[in-house]
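Sequences listed follow chains A and B, in order.
Residue numbering for the first sequence follows the working numbering, beginning at 1 and increasing consecutively.
Residue numbering for the second sequence follows the working numbering, beginning at 561 and increasing consecutively.
Worth double-checking, as some hints may not be accurate.
Within a straight-line C-alpha distance of at most 25 Å, the following computed SDA-like cross-link-like pairs (lysine to any residue) qualify [what the hints assert, rightly or not]:
no.	chain 1	residue 1	chain 2	residue 2
1	B	Lys622	A	Ser411
2	B	Lys820	B	Pro650
3	B	Lys715	A	Gly150
4	B	Lys698	A	Tyr55
5	A	Lys451	A	Asp198
6	B	Lys715	B	Lys890
7	A	Lys337	B	Pro650
8	B	Lys698	B	Lys622
9	B	Lys622	A	Thr342
10	B	Lys880	B	Lys698
11	B	Lys820	A	Lys337
12	B	Lys698	A	Asn331
The set of hints was computed from the structure by calculation and includes no laboratory data.
All values derive from a computational prediction rather than experimental measurement.
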Amino acid sequence: MSGVETMTTPARRQLDANRLLTLVCVGLPLLGLVLFFLYPMVVVFLRSLTVDDGYGLANYTRVLGSTGFWRATEHSLLMGAATTVLSVFLGFIIAHGLYRCAFPGKWLIRGVIVLPLLAPSLVQALGLIFLLGRNGVISRALGVEIDIYGFWGLLIANTLYALPQAVMIIGAALVLLDARVYEAAEVMGASPSRQFRDLTLPAARFGILNAAFVCFTITITDFGNAAVIGGDYSVLATEIYSQVVGQRNFNMGAVVGIMLLLPTVVSYAIERQAMKRQQVGQVTGQVPYRPSFAAVRDPVMASLSLLICAGIVAVIGIVVYASFVTLWPYNMALSFKHYDITLAGGYSSLWMTIVISLMAATGGTLAVFLLCLGLRRLPRSAAQSIQMLAAVPAAVPGMVLGLAYILTFNSTATPLYLLYGTAALIAIVNFYHYHTQGFLTVMTGFRQLPKALEEAADSLGAGMARTAVDIIAPFIAPMLVSVFFFLFMRSMVTLSAVVFLTTPDLSVAAVTIMRLDDAGLTSQAAAFATCLMAVVCVALLGMKATLTLMGRRNRIKRPV
Amino acid sequence: MKTWSKFTLASLFAVGMATTASADEITVYTALEEEEIAAYVEAAQEAMPDTEINVLRLSTGKLGARLLAEAGNPQADVIWGWAVSAMMDPQILEMLEPYAAKGVDVLPATFRGEDGKWFAPIGYMGAFCVNTARLEEKGLPMPKSWKDLENPDFKGEILMPDPNSSGTGYLHVNAVLQTMGEEAGWAQLEAVDPNMAQYTSSGSKPCKSARVGEYTVGISLAFTAMQSIEEGYPLAMVFPEEGVGYELEASGLMASSDNKDAAKAFLDWTMSDEAIDLYQQYKALITVPGVDASEAAEKAGLPADISTVLADIDFVTAAKNQTDVKATWKEKLGR
Chain A
1 MSGVETMTTP
11 ARRQLDANRL
21 LTLVCVGLPL
31 LGLVLFFLYP
41 MVVVFLRSLT
51 VDDGYGLANY
61 TRVLGSTGFW
71 RATEHSLLMG
81 AATTVLSVFL
91 GFIIAHGLYR
101 CAFPGKWLIR
111 GVIVLPLLAP
121 SLVQALGLIF
131 LLGRNGVISR
141 ALGVEIDIYG
151 FWGLLIANTL
161 YALPQAVMII
171 GAALVLLDAR
181 VYEAAEVMGA
191 SPSRQFRDLT
201 LPAARFGILN
211 AAFVCFTITI
221 TDFGNAAVIG
231 GDYSVLATEI
241 YSQVVGQRNF
251 NMGAVVGIML
261 LLPTVVSYAI
271 ERQAMKRQQV
281 GQVTGQVPYR
291 PSFAAVRDPV
301 MASLSLLICA
311 GIVAVIGIVV
321 YASFVTLWPY
331 NMALSFKHYD
341 ITLAGGYSSL
351 WMTIVISLMA
361 ATGGTLAVFL
371 LCLGLRRLPR
381 SAAQSIQMLA
391 AVPAAVPGMV
401 LGLAYILTFN
411 STATPLYLLY
421 GTAALIAIVN
431 FYHYHTQGFL
441 TVMTGFRQLP
451 KALEEAADSL
461 GAGMARTAVD
471 IIAPFIAPML
481 VSVFFFLFMR
491 SMVTLSAVVF
501 LTTPDLSVAA
511 VTIMRLDDAG
521 LTSQAAAFAT
531 CLMAVVCVAL
541 LGMKATLTLM
551 GRRNRIKRPV
Chain B
561 MKTWSKFTLA
571 SLFAVGMATT
581 ASADEITVYT
591 ALEEEEIAAY
601 VEAAQEAMPD
611 TEINVLRLST
621 GKLGARLLAE
631 AGNPQADVIW
641 GWAVSAMMDP
651 QILEMLEPYA
661 AKGVDVLPAT
671 FRGEDGKWFA
681 PIGYMGAFCV
691 NTARLEEKGL
701 PMPKSWKDLE
711 NPDFKGEILM
721 PDPNSSGTGY
731 LHVNAVLQTM
741 GEEAGWAQLE
751 AVDPNMAQYT
761 SSGSKPCKSA
771 RVGEYTVGIS
781 LAFTAMQSIE
791 EGYPLAMVFP
801 EEGVGYELEA
811 SGLMASSDNK
821 DAAKAFLDWT
831 MSDEAIDLYQ
841 QYKALITVPG
851 VDASEAAEKA
861 GLPADISTVL
871 ADIDFVTAAK
881 NQTDVKATWK
891 EKLGR
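If we strip away everything but chain A, and leave its shape as in the complex, we get (with noise of 0.2 Å):
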């Protein structure tokens, strides 16, 4: 908005371009979130007021009267506090370490860091279970049994889920910080201790507290661990697994999902009450940070992501090796058979996943884009709600997402019905169920971008859509691939919404995972899902490839 006020009259039509070009930029995303998200989340919302006898209130009195969904609200809470806590500050390390730190082998953090995004959740609770289980490879080593159903195990299990959104986000946050300050500090004399907390920190801040959100915000709604980890230790999203498919109890249960946003909506709108005293952006131009080698800092900041790394391998190796493995725990010899799928359709899914998912990410990445970037030329008032609701979709777990999807879109009424059993709705729901990541991470990164620079192109006569191409789309294609891979993995892998949406022609690669198990076939599942992530690693290997090369091409030099 600032190059505006001083606009010239000869520059008229340039603006008026860049309004109807502002326009179109949220228009469109925005006509997205409300038929593919406000939309469904009203038709659940009614849900939660339909009674007998037409609307009323008696399902919320009904459910805020019974004990068992306070002590599950507690458990949510304090749960998703823990979580939040611990991954904010294990992503700052690992993030701090990639971005701002000198050590080698960052390829191996970069690339292991992704590894529970890119597993479906039968392998995390699968390992999690194999190693620190009861009869676990730990216990067995230590002779002692450790028992981590309840919510030691569940902690562990939602900061592995978390922690790579946390590192993705604040990551946004660190890698566009600009040099030249750091060096300004070091010749005043600025102790490395004292940069960080006076130069690191705050330019993080913005970061920290979006992937706080995101964790606390996607722990409260995860159903998968807490029914495989949490032992008893009963949360939110168990409540409503068990009204809606223990109980076929849809209104109740679409209560709960809707007292799930309170949290969401409270948390946010803290953060955004947080971020107002933070300065915006950058003032000048950038010249990309080389973090130079620090004799303490560095060792330490190494062992201890690779620490992390180690961690994460673990659990999705043992699973790996189990899928390998003739009867894991009882015989270890070495075998294929697990590989040799017939039921539940075979390997048949994997390929269709993989469109619906490069659906998903293409789609989805330029959508938030194209929302950040329109959301910036908006006045403040307007583009807060709409990124208030940008922000939202986290908050609804997939499940409730999921059956929204079929409540509204299997409906002749309207002509999005036309949509209903299609791959391209698959898609749609892969990308709204993530929305709030994708979102969140680009924005971070529009945060770091230097107002000036894009000044100093309006002054310069270039229109909205060139300054967006050449200057801003450079700069932020870090974020963009990272929440293109992001969207991707998830799309590969996510179950809980599109459990309620395969047809018989019309299946992906999770909901054969969960047949296989549910046929009591856990280590053909395990099997099955070993080569979906053997794909996605050659998929993400191939795309990354594909933009080394792209990117040396147009030479355009990131600080990646």
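Based on the hints, put chain B in the right spot on chain A.
Positioned in the frame of chain A, the structure of chain B alone reads:
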């Protein structure tokens, strides 16, 4: 966005092509086990070559959620082999249309809906999954009954599904209540409660946890137990002496079906001699009189006369009491 709409058009086109490709098409929702579905559908498809049978398999609970969510515009033509206690939910019955499949009259009245909306020629049983390796390691006696599970030595060694989340959980709770009577039944469940390590949300999980040695006893399903034993886990399948709970797998015709002839033909097939022959290969519990399941049962190490281990279950009462029992359970034992 553009890519999506393009793809939507493409997939719509593909769907359109599929519907015109074969004369008849039906969509069947089922919670039967993968292996048997494959065998039955292959045979049924051969018996009715002009109809394409599309099957969607989901677990009992998820299938219920899906059916209810789709209630405004149901996608299925047939519900096939789904827990009868779920089927008797009024919200589900409302979606069904009475149909007397050919041959259904041989079934005793208890295995058919009074209103003709469902029939159940087959069923499945609950079971205790006991990990023999862990049992030995812990020096525990082999449990033979619910009563045996009261033994304080089993503290923290037993898993059971939560009846509020899992149909299998309700199957067991209902069996205890119906065989022992309300008062003694609740007392029994409360007596075992201190030994219960967790109440799980999935019905098969207790058995899967027991088979990998996380816990000693998983109160779960006979199917999972048999399948685990076949895979080689050190597992024993135990039917409690008081009588084990079981569930009927019911089928019915969706009132909304726009291809009722084919749907009916499929339901007829599920009662055909050919189908019943197949049940003998896969099912331990067959309700068709005079058809003995010894082949499948023996293979799985079940008693030849299965009725000796089954609890005496009244499914109508079980369905009627469901909400109250679950609420009481939550109050008394919920964690």
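Structure-based check of each hint:
1. B:Lys622 / A:Ser411: holds (20 Å)
2. B:Lys820 / B:Pro650: Holds, because 22 Å separates the two Cα atoms, which is no more than 25 Å.
3. B:Lys715 / A:Gly150: holds (16 Å)
4. B:Lys698 / A:Tyr55: violated (56 Å)
5. A:Lys451 / A:Asp198: Distance ~21 Å between A:Lys451 and A:Asp198 Cα, so the pair holds.
6. B:Lys715 / B:Lys890: holds (21 Å)
7. A:Lys337 / B:Pro650: Measuring from Cα to Cα gives roughly 45 Å; hence the hint is violated.
8. B:Lys698 / B:Lys622: violated (37 Å)
9. B:Lys622 / A:Thr342: holds (23 Å)
10. B:Lys880 / B:Lys698: violated (41 Å)
11. B:Lys820 / A:Lys337: violated (42 Å)
12. B:Lys698 / A:Asn331: holds (20 Å)
The structure fails to meet hints 4, 7, 8, 10 and 11 from the earlier list, while all remaining hints are met.
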